[in-house]
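K.L.:
Place chain B on chain A using the hints.
Listed in order, the protein sequences are those of chains A and B. Heads up, the first sequence is in the working numbering, so the first residue is 1 and it goes up one at a time. Heads up, the second sequence is in the working numbering, so the first residue is 438 and it goes up one at a time.
Worth flagging that the hints you see were computed from the coordinates, not collected in a lab. Do not rely on the hints blindly, as some may be mistaken.
Output of the computed footprint for chain B on chain A, the stretches with three or more beta carbons under 8 Å from beta carbons of chain B [unchecked claim]:
id: 1; stretch: 73-86
id: 2; stretch: 360-368
id: 3; stretch: 405-419
Source: prediction; values computed, not measured. Ideal Cβ positions, reconstructed from N, Cα and C, are used throughout, including at glycine.
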Amino acid sequence: MLKSFLGGIHPKGSKAYTVDKAIEIPTLPSQVVIPMSQHIGAPCTPIVKVGDKVKKGQVIANSEAFMHSPVHASISGDVIKIAEMPHASKVNCLSIVIKNDGLDEWVEGIPLHREWDKLEAQEIRDIVKDAGIVGLGGATFPTHIKLSPNKEVDIFIVNAAECEPYLTADYRMMLEYTERIVTGVKIAMKVLGVSKGFIGIEDNKPEAVKVMKESFKGTSVEVVSLPTKYPQGGEKMLIKALVNREVPTGGLPMDVGVVVQNIGTTVAICDAVVSGIPLIERIVTVSGDAIKEPKNLLLRIGSTFKDAVDYCGGFNKIAEKIISGGPMMGFAQFTLDVPIIKGTSGILALGSDVVNSGEESPCIRCGRCVEACPMGLVPSMLSILGERHKYQEAKEQYSLFNCIECGSCVYTCPAKRNIVQYIKQLKAQNLAQSAKK
Amino acid sequence: MSSESNVQEGKAQKIQAKEIEVQDEKFTVSASPHIRCNESISKIMWNVNLALAPAAIFSIFYFGFPALINMVVGAVSAVVCEYLVQKFRKKKITAFDGSAFLTGLLLSMSVSPSLPPYMVAIGSFVAIVIAKQSMGGLGYNIFNPAHIARAALMVSWPVAMTTWTKLTNSFVISSATLSVDAVSGPTPLNILKQQGYAKLIETFGSNTAMYKAMFLGTRNGSMGETSTILLMLGGVYLLYRGYIKWQIPVCMIGTVGILTWIFGPTGLFTGDPLFHMMAGGLILGAFFMATDMVTIPITTKGQIIFAVGAGMITVLIRLQGGYPEGVCYSILLMNAITPLIDRLVKPKNFGARG
Numbered sequence: 001m002l003k004s005f006l007g008g009i010h011p012k013g014s015k016a017y018t019v020d021k022a023i024e025i026p027t028l029p030s031q032v033v034i035p036m037s038q039h040i041g042a043p044c045t046p047i048v049k050v051g052d053k054v055k056k057g058q059v060i061a062n063s064e065a066f067m068h069s070p071v072h073a074s075i076s077g078d079v080i081k082i083a084e085m086p087h088a089s090k091v092n093c094l095s096i097v098i099k100n101d102g103l104d105e106w107v108e109g110i111p112l113h114r115e116w117d118k119l120e121a122q123e124i125r126d127i128v129k130d131a132g133i134v135g136l137g138g139a140t141f142p143t144h145i146k147l148s149p150n151k152e153v154d155i156f157i158v159n160a161a162e163c164e165p166y167l168t169a170d171y172r173m174m175l176e177y178t179e180r181i182v183t184g185v186k187i188a189m190k191v192l193g194v195s196k197g198f199i200g201i202e203d204n205k206p207e208a209v210k211v212m213k214e215s216f217k218g219t220s221v222e223v224v225s226l227p228t229k230y231p232q233g234g235e236k237m238l239i240k241a242l243v244n245r246e247v248p249t250g251g252l253p254m255d256v257g258v259v260v261q262n263i264g265t266t267v268a269i270c271d272a273v274v275s276g277i278p279l280i281e282r283i284v285t286v287s288g289d290a291i292k293e294p295k296n297l298l299l300r301i302g303s304t305f306k307d308a309v310d311y312c313g314g315f316n317k318i319a320e321k322i323i324s325g326g327p328m329m330g331f332a333q334f335t336l337d338v339p340i341i342k343g344t345s346g347i348l349a350l351g352s353d354v355v356n357s358g359e360e361s362p363c364i365r366c367g368r369c370v371e372a373c374p375m376g377l378v379p380s381m382l383s384i385l386g387e388r389h390k391y392q393e394a395k396e397q398y399s400l401f402n403c404i405e406c407g408s409c410v411y412t413c414p415a416k417r418n419i420v421q422y423i424k425q426l427k428a429q430n431l432a433q434s435a436k437k
Numbered sequence: 438m439s440s441e442s443n444v445q446e447g448k449a450q451k452i453q454a455k456e457i458e459v460q461d462e463k464f465t466v467s468a469s470p471h472i473r474c475n476e477s478i479s480k481i482m483w484n485v486n487l488a489l490a491p492a493a494i495f496s497i498f499y500f501g502f503p504a505l506i507n508m509v510v511g512a513v514s515a516v517v518c519e520y521l522v523q524k525f526r527k528k529k530i531t532a533f534d535g536s537a538f539l540t541g542l543l544l545s546m547s548v549s550p551s552l553p554p555y556m557v558a559i560g561s562f563v564a565i566v567i568a569k570q571s572m573g574g575l576g577y578n579i580f581n582p583a584h585i586a587r588a589a590l591m592v593s594w595p596v597a598m599t600t601w602t603k604l605t606n607s608f609v610i611s612s613a614t615l616s617v618d619a620v621s622g623p624t625p626l627n628i629l630k631q632q633g634y635a636k637l638i639e640t641f642g643s644n645t646a647m648y649k650a651m652f653l654g655t656r657n658g659s660m661g662e663t664s665t666i667l668l669m670l671g672g673v674y675l676l677y678r679g680y681i682k683w684q685i686p687v688c689m690i691g692t693v694g695i696l697t698w699i700f701g702p703t704g705l706f707t708g709d710p711l712f713h714m715m716a717g718g719l720i721l722g723a724f725f726m727a728t729d730m731v732t733i734p735i736t737t738k739g740q741i742i743f744a745v746g747a748g749m750i751t752v753l754i755r756l757q758g759g760y761p762e763g764v765c766y767s768i769l770l771m772n773a774i775t776p777l778i779d780r781l782v783k784p785k786n787f788g789a790r791g
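If we strip away everything but chain A, and leave its shape as in the complex, we get:
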């Protein structure tokens, strides 16, 4: 029997646009815009100033806070501006603009070669931290913190579900970066000191399942084909499906002895530990019905959406929405001038017939959202409480903060209610209230 979780939805995959497109490396942009906040936690402070010359891989911003991840220059060139600039998930963010000098020179000492199996766990954690690695699935949690659980952990899980429609970046990596994935997984398991690993892949990617199974043959890593159902790549859903453990309300995966990393993160770990290369580029799926030639691109952090869209031939029709990430949980953008950051898994340009949501009407209590909710909530009630600003009742009686904002409820709602929007607003109202106290 296929392993899964309760609830969930089956949106159209729409992966055909880019599924067979090998990863391409576009020409470097004339400048990059590197935001100081590309991770969960404290934003970094620039340690370079306007006029400085920087090289690829050089640390240009850092922070003293526990929860942070340093930021590196992704091209060589001159710092021409440090200012508030548009950001994909915040409105604006302090960013460093580097003008490309065309040399693409590495900072001294990179790349190098290390025998990773001779390194101590703590050494590896420090390398990962200094390389600025964060979760590449989109949540951008600093990886070195995840690799330092303060609880007993016995299982390492690699999230390769890629359940968001359109996105194929993880899939292409599994086919093209196979060896680096294998090394990255081994390194992560060594750091965590666990002997059992799982790789969860949705069964709509049989080719990747096959490649991964072959690559991990004879290891203690089990490659599991999971039923295609959104949000299979939700951390809690994935753990439930793979090892049948349920992360308690308000808890973390390590509370059930598990650490989860996105498959792209394992590639970044491998690059950092083996070659000393910090996180300065990532795979981005540029797709959607409004993109002329959808592609999977290896893009430097700080390239703008415009650079990526232009490389893909621009638009072939009016793009109603530009999305950073997937269509279910991604952020709609108001401009193409936002830069690609560490968590940008996709750039989608969708036409009006794809994103036309219809007019919102009152809840008819059909219960489809309740069926779809993977967290066992009553989304319809949360949306009604949201309309009435009853944030306390939502929190106390309807488990508001359990919501992972996966959007399954909104997807399935025949009344076209913007339930996630109400929930975000209710959460903000609660946080504002507790801040007041």
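P.N.:
Chain B only, in chain A's frame:
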């Protein structure tokens, strides 16, 4: 002076340029998700109407022209009432989304075919204006509008509501069925209530003949409730489309079957569950009224409680009450406690399932 106007002009030009720039890339920004399924309220409602079609068409052939008139009057007057209320209240017009049509159709199907059309129209008015729109419209009504209307007609015109057209006892369309038949006859549940089970069997000739008539729909009753097979056909379609859950009809009809079998006319376990399950408005009610999403609990568990409760009240009324049939009231009573059920029965949160 001129320099100032130059500056202003420059500013105006700049603003204009900016506007054009913004125009150039005008993207919609909203909260996620950015894609939706292609279901809509009107799609659901028209599909429910479609599911009622087999039973509705059958009733026209079986009860004749008056059935058609009543259905058209019921549905159209419901839509007109909804349109007028929304127009008057300056609300968005949703009268044509199929839900008012459905309410009117359901109402006409759950009353006698011989009911004068103007009474049906008044019923539609009660359903839409009082039971639905005065509560805030679709989604806010507590009670099933069609059943509220039926109850209102029942207390207003009890005689007309319990006068049933005499049947021709055949499936063939005869000239008699195309005109209003003045001769009235009782429904099977009426016979059972007033004359007992033996008389009921006698009326149909044999047990088998009775079951056959109840299953096919060649019996007396409200015009849309008689054909078990065609109503179930519509119900199966709704199940297939995922618009209703099997738990509701199965639990409601099952409860009626089990209880009527236990509490039989001549002692425990002597009842005729098959008859009771097909009699009256149970099939229509269980598939089309107890599944009215607006007025029933939102969780599956809550819906099971609702369905079992409605089945129990139906049996209580049929066996002990003053009326021969209790489906309408049982559903209305369960509608009343639906908010309470929803408050008490919530899904178990992920992370608290143990």
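K.L.:
Which constraints among the numbered hints does this structure fail? Numbers only, ascending.
P.N.:
1
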